[in-house]
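Residue numbers (the numbering used here), protein chains in the order written: chain A, 1 to 503; chain B, 504 to 1039.
Any given hint could be a false lead.
[As the list claims (entries may be wrong)] Here are the computed distance ranges between Cβ atoms for each label pair:
| id | chain 1 | residue 1 | chain 2 | residue 2 | range |
| --- | --- | --- | --- | --- | --- |
| 1 | B | G630 | A | Q357 | 53 to 59 Å |
| 2 | B | R960 | A | N255 | 27 to 33 Å |
| 3 | A | E436 | B | E740 | 53 to 59 Å |
| 4 | B | P964 | A | G353 | 35 to 41 Å |
| 5 | A | E445 | B | N679 | 26 to 32 Å |
| 6 | B | N679 | A | R418 | 33 to 39 Å |
| 7 | A | E445 | B | A692 | 52 to 58 Å |
| 8 | A | R418 | B | Q1000 | 39 to 45 Å |
| 9 | B | A692 | A | E384 | 56 to 62 Å |
It is worth saying that the hints were derived from the structure and are not from the lab. Glycine included, C-beta positions come from ideal geometry on N, C-alpha and C.
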Amino acid sequence: MSDRSTRLLLLASVFVIATCGLIYELIAGTLASYLLGDSVTQFSTIIGVYLFAMGVGSWLSRFVGANEALIFVRVQLLIGVLGGCSAAVLFVLFAHVASFRVLLYGLIGLVGTLVGLEIPLLLRILKDRLEFKDLVAQVFTFDYIGALLASLLFPLVLVPGLGLVRSAFLFGALNVAVGWMTLRVLRLHGPPARMLEGTAAVLLLLLAAGFAAGGRILEWSERSAFEAPVIHARSTPYQRIVLTRHGDDLRLHLNGNLQFSARDEYRYHEALVHPGLARMPEARRVLVLGGGDGLAVREVLRHAHVDSVMLVDLDPEMTRLFSTQALLTDLNAGALTSPRVRIANADAFAWLGTNTQRFDFVVVDFPDPSNFSLGKLFTTTFYERLRTALAPGGAVVVQATSPLVARRAFWCVDATLRRCGFQTEPYHVYVPSFGEWGFILASLEPLPELSALPAGLKFLTVEGARDLFRFPPDMDRVPTEVNRLNNQVLVRYFEEEWGRYAP
Amino acid sequence: MWRGRTRRQFLAGSAGAAALAGAGLFGVSRKRRITGRIVGSDAAVGHRIRDGGLPAPDRQERVPVVIVGGGIAGLAAAHALRSRGVEGFVVLEMAAQPGGNSVSGANAVSAFPWGAHYLPLPGPEAGDVSRLLRELGVILGDDARGLPVFREDFLVQDPVERLFLHGRWQEGLVPNLGLGPEERGSLDAFFHRMAGFKERRGSDGRPAFAIPLDASSTDPELRALDRVPFADWLRLEGFTGESLRWYVDYCCRDDYGMASDRVSAWAGIHYFAARRGEAANAPSHAVLTWPEGNGWLVHRVREPLGDRVRSGLAVFRVQQEGATLSVEAYDVQARRSMAFLAERVVMATPRFIADRLLERNPKARRDTVYAPWLVANLTLESLPEGRGAPVSWDNVWQGSPSLGYIVANHQSLHPVPRSTVLTYYLPLDATDPVTARRVALERSWDSWRDQILDDFRIPHPGLSDQVLTLDVMVWGHGMVSPAPGSLWNPERPESAQPQGRVHFAHSDLSGISIFEEAWTHGIRAGREVADLLNPA
Chain A
1 MSDRSTRLLL LASVFVIATC GLIYELIAGT LASYLLGDSV TQFSTIIGVY
51 LFAMGVGSWL SRFVGANEAL IFVRVQLLIG VLGGCSAAVL FVLFAHVASF
101 RVLLYGLIGL VGTLVGLEIP LLLRILKDRL EFKDLVAQVF TFDYIGALLA
151 SLLFPLVLVP GLGLVRSAFL FGALNVAVGW MTLRVLRLHG PPARMLEGTA
201 AVLLLLLAAG FAAGGRILEW SERSAFEAPV IHARSTPYQR IVLTRHGDDL
251 RLHLNGNLQF SARDEYRYHE ALVHPGLARM PEARRVLVLG GGDGLAVREV
301 LRHAHVDSVM LVDLDPEMTR LFSTQALLTD LNAGALTSPR VRIANADAFA
351 WLGTNTQRFD FVVVDFPDPS NFSLGKLFTT TFYERLRTAL APGGAVVVQA
401 TSPLVARRAF WCVDATLRRC GFQTEPYHVY VPSFGEWGFI LASLEPLPEL
451 SALPAGLKFL TVEGARDLFR FPPDMDRVPT EVNRLNNQVL VRYFEEEWGR
501 YAP
Chain B
504 MWRGRTRRQF LAGSAGAAAL AGAGLFGVSR KRRITGRIVG SDAAVGHRIR
554 DGGLPAPDRQ ERVPVVIVGG GIAGLAAAHA LRSRGVEGFV VLEMAAQPGG
604 NSVSGANAVS AFPWGAHYLP LPGPEAGDVS RLLRELGVIL GDDARGLPVF
654 REDFLVQDPV ERLFLHGRWQ EGLVPNLGLG PEERGSLDAF FHRMAGFKER
704 RGSDGRPAFA IPLDASSTDP ELRALDRVPF ADWLRLEGFT GESLRWYVDY
754 CCRDDYGMAS DRVSAWAGIH YFAARRGEAA NAPSHAVLTW PEGNGWLVHR
804 VREPLGDRVR SGLAVFRVQQ EGATLSVEAY DVQARRSMAF LAERVVMATP
854 RFIADRLLER NPKARRDTVY APWLVANLTL ESLPEGRGAP VSWDNVWQGS
904 PSLGYIVANH QSLHPVPRST VLTYYLPLDA TDPVTARRVA LERSWDSWRD
954 QILDDFRIPH PGLSDQVLTL DVMVWGHGMV SPAPGSLWNP ERPESAQPQG
1004 RVHFAHSDLS GISIFEEAWT HGIRAGREVA DLLNPA
């Protein structure tokens, strides 16, 4: 091979490694903002850490002795495997490690350091084959063109076409290929070179396998648990909060159970709040129990006659998240920071025990009664306590699981409310991500007919709201026992019925 | 709404396993020191009284009525005096807290019982107990059918009981898992028989078995059951299934501290046939419970008595001097004695103490059997789950000398399970009570801790890593045992009769140790005294 073609190939490798280097940085930045939210902070810290690490790498290059060519190959292989697997590793481990940031910045720091070593080493390899001014000019030209290519490829081709995980594997393979080519071009021989060649082959196979399985890795890491990329995960003393996003579909999971999907939550929350509250044009004070996502509060605030909303949710992390994260406050229209809203982070049972205020309307939006602890929030004892918080003429609406899947569970909540002296008006709504869902409107005195709804609703109309109260035969009332602390029949109904549905 | 759970749990599990493997590799172990102690030192005070040599009284106090003993009977007597307008009395209690067998403790996690932890729904004969529950707001009123409505947060919450059997938890305490038809038949026949006793009335028209016990029928045919050991009666009647015998022994040990071979058949059947309470909002077999057990009732009854309840005062002599009774008591804290000069005294102590203080009935003193007990309270980081049925209020396992544990904060309404206190009950009936009592009082905390944690290993192998504290209390004379012949004999009713100016109140007078008996005797004694002080 002529000296000229050697030079050209080495300069081409500058182009490839520059592209790869920027791609890893972009992948990490995207992934971090994807997983941790707040993209400005994530990108800016990722870029900062990455550039700093590159500086460290460049400085470290001075400790490399005469064997710079072999070291350069080793560095290529290392970058290939670390960078190539970075997206997959970060995705898979995200939901399962305690401190994701340590992993993220550790990996970025390592890849950055290695990338920082590349150009100084390459300069040294090329120094005898080119004039210094040509060398510097050409290396940096290829470097910056590579960067441009990467920044255009990434959003236009790679992310939509391959996705983050496969893009990383692809560029990892390119890095390894550059290493392997360098061995060939510089005609490096001897046992270390042979071993590196073997390693490169193994790594290429590995990265190719990763590329091929990229889809499945994603499926395993994300879809297995949440069907979409996780963008926030946090364990609080009370629950595991996970937010996922797939396109415009933002979803909240608590302890692995879907709480809402941004695509259709308006159906759930409009149906939860308005059929009751819109029939109480005098209602001024509203209590929301559970529902720390602020979505029910958002609907309540549509009623101008409501001048105060008290939100009681156990988990301060939930209300903090939904008061501060831009994605989430967009969804709940900043409901939790409204001057009309006050928040108490307390257990609803205990809070009702000490509460002295009276409310015109109460929204009870607890998780399903899937265990004995949650089942207590659906008992006669709870509803008796709730009655004491109700102003004369007030009403309550209760989230009461699916009347289609858990028919007896739904009607058991109805029977329990009736036993506590409430008149009930059960109704149901279809929410695609949940299925057929049920609510019970309960009051001590009959409520006036619905005549108007607040403006801006996407789902409910006055006509449509009346239809919700009709039950087809397959989910119509069945006789059930009353749920009490000392029998917890609701949990038993719920387990049996949902167990049959999804074993 | 159940999606994705198992996979996540599997992942979490694998991560846990990997962490464990890592910990193993690097020799990291998490052996925490469990702290704890032996609580209460009543036996030591009791023995000083028995052995004499306490200082003579150096001051006197004059008070119309002295109630000796601040257990349920003594508090009931005080309660009855107050409700009849008698305010001049004191209640002298040897221990640091009143309450007797219903005494309780508390820590940052929960209140917990040191003894009695529940009360069955009172039946039609337990009028005094029903009245108390109405006064305390436990019974809120009556429904249209005249059935009492109970406060539901005091009714034991579901799930109530589970039994660890063949490596997994089953719901309920009656063995059910893997029973053959014969065993099942034996159990069914037994419960059918007990239901018959529950309905039965004697030749005098009174219920065959009632609470309080003295409301039971005098029918000689029924009373003859008292002379036979329960185990013999079961054998004679053909109730021989192994599971049935285990269950019956469990019940006898639970209520009487001894197995079916050492209690009378009348007492054994009483356990199954005397609870005839009803409620508007609960089934008949429901019970009332609180985190501190019956300590909740103690606190409510004690509160209006104020400083008339004197704790840490051990009465060591009761003497009649003319029309005045001198009650001499040793102040455990101040280490000095004082005398109370009273017109009337209510002896609300166990019979063996009353008889000793009054120097009477040496034979009865020797013959009465008291079962020694150990009760432990364990504070845990989290609830111990296990395979099968979920954690219940009462959790029992076979192959253990203990009666298992109850979850003290089972009645908590908090929606997220957190740390917990388990109350562990161990009747010390492996040997005769005298030996068992002596051995138990000599044992160290370490040896109790090891025994208890070993026992827990059967259903909860990893539990000791979860334990933060473990306190134990040894009850030397835990409760009177209804030995064969001890209930229906001419001597027992006499022992409740006043002697001169001294009146008697204690569950020992009934021969079984339950709240209802103590309360009923206390109210009766209080009324006797009040009627004498305020002749109508």
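Cβ separation of A692(B) and E384(A), checked against the hinted range 56 to 62 Å: Check failed, 42 Å falls outside 56 to 62 Å.
E445(A) paired with A692(B), Cβ distance criterion 52 to 58 Å: 54 Å, holds
Cβ distance range 39 to 45 Å for R418(A) and Q1000(B), holds or violated: Roughly 54 Å apart at Cβ, these two residues miss the hinted range, so it is violated.
N679(B) versus R418(A) beta-carbon gap, inside 33 to 39 Å or not: Distance hint for N679(B), R418(A) holds at roughly 34 Å.
Outcome of range test on Cβ distance (R960(B), N255(A); 27 to 33 Å): Given range 27 to 33 Å: holds, Cβ gap about 30 Å.
Pairwise beta carbon distance, E436(A) to E740(B), judged against the given window 53 to 59 Å: 56 Å, holds
Pairwise beta carbon distance, P964(B) to G353(A), judged against the given window 35 to 41 Å: 38 Å, holds
Whether the CB-CB distance between G630(B) and Q357(A) falls inside 53 to 59 Å: 41 Å, violated
C-beta pair E445(A), N679(B): status relative to the range 26 to 32 Å that was hinted: 48 Å, violated
When the structure is compared with the earlier hints, violations turn up for hints 1, 5, 8 and 9 and for no others.
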